[in-house]
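Using the hints provided, position chain B relative to the given structure of chain A.
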Amino acid sequence: NAGVTQTPKFQVLKTGQSMTLQCAQDMNHNSMYWYRQDPGMGLRLIYYSASEGTTDKGEVPNGYNVSRLNKREFSLRLESAAPSQTSVYFCASEVRPANTIYFGEGSWLTVV
Amino acid sequence: GNSVTQMEGPVTLSEEAFLTINCTYTATGYPSLFWYVQYPGEGLQLLLKATKADDKGSNKGFEATYRKETTSFHLEKGSVQVSDSAVYFCALSDRADSSYKLIFGSGTRLLVRP
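Protein chains in written order, with the working numbering: chain A, 1 to 112; chain B, 113 to 226.
No lab work stands behind these hints: they were computed from the structure.
Small disclaimer: the values here were computed from a predicted structure and weren't measured.
Think of the CB as a built atom: it goes at the ideal place given N, C-alpha and C, for glycine as much as any other residue.
Be a bit skeptical, because a hint or two may be false.
[What the hints assert, rightly or not] Between beta-carbon pairs, the in silico distance windows are: (1) ASP26(A) with TYR151(B): 19 to 25 Å; (2) THR110(A) with VAL194(B): 28 to 34 Å; (3) GLU105(A) with ASN134(B): 26 to 32 Å.
Next comes chain B alone, as it looks inside the complex:
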């Protein structure tokens, strides 16, 4: 079945460092790919998405490119801030009947130190 694998955390960085969180997937067909972010004590918020191969999703300085050849959707940011500390989830869509479901990775905690 479809699945998502993320790098394990926590990832600890200093402010202004470069961030990469790896995400690879296994899927039949052509799913859409997503990154969600969860701040402490809150629900999940959509960070960015890409719906087809070679698409680049971007938001708030974060980027991820849908790479079909490597089945990857790595999250990157050039200069992280303390406020980026959160848990990041990679997910893919799994279309079924008239709805669709998200399949999540296990999440990667990011801690940014001043």
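Bound-form chain A, shown alone:
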């Protein structure tokens, strides 16, 4: 997991609150991703960014927004948190030409 850093690692929110998950990579990768992991469902893609300045929706984008601030940073924002967004969130980035995705250590989010 070296090179992909996520903050915070743990967070508890009340319904309706907002927060931003931060992600940074120091490997000069072009593509970055946000996934969520829920029990029995594997990882599902929320948003991705193929390059600086571009973002696209993944499988489960509703309730989230993202910003690719620069090549290093890709943030995920919850504008009005809901209990259904309780999950573990993983940021990842892609290295080429190996076409391998590397993951951060995860952010545990609980919405009460």
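Here is chain B on its own, set in the frame of chain A:
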């Protein structure tokens, strides 16, 4: 659309037993296939990958062969250790625009007893 199906867990084995975790996929084109491992409280780590039919990926004693005829990528290890206890995810790549996305199976928990 593309999808990955894994055997449900948990899989419980004794140390030194033989491991197989089944993975099958549905995809158009020729995706790359991956196995990721997640140890408790950690993120996902790439375990091995294969990029074309009949390729065998291997790492740390684990192996998986890309079988296009059966659309499978089963994970095997000849002799498991307690330290192999983790959740294993099968995934395929889904190339789109200038990036590519991983589609994951639901994961299989492995518990190895001493």
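Hint by hint, here is what the structure shows:
{"no.": "1", "hint": "ASP26(A) with TYR151(B): 19 to 25 Å", "verdict": "holds (23 Å)"}
{"no.": "2", "hint": "THR110(A) with VAL194(B): 28 to 34 Å", "verdict": "holds (30 Å)"}
{"no.": "3", "hint": "GLU105(A) with ASN134(B): 26 to 32 Å", "verdict": "holds (28 Å)"}
Consistency note: the structure conflicts with none of the earlier hints.
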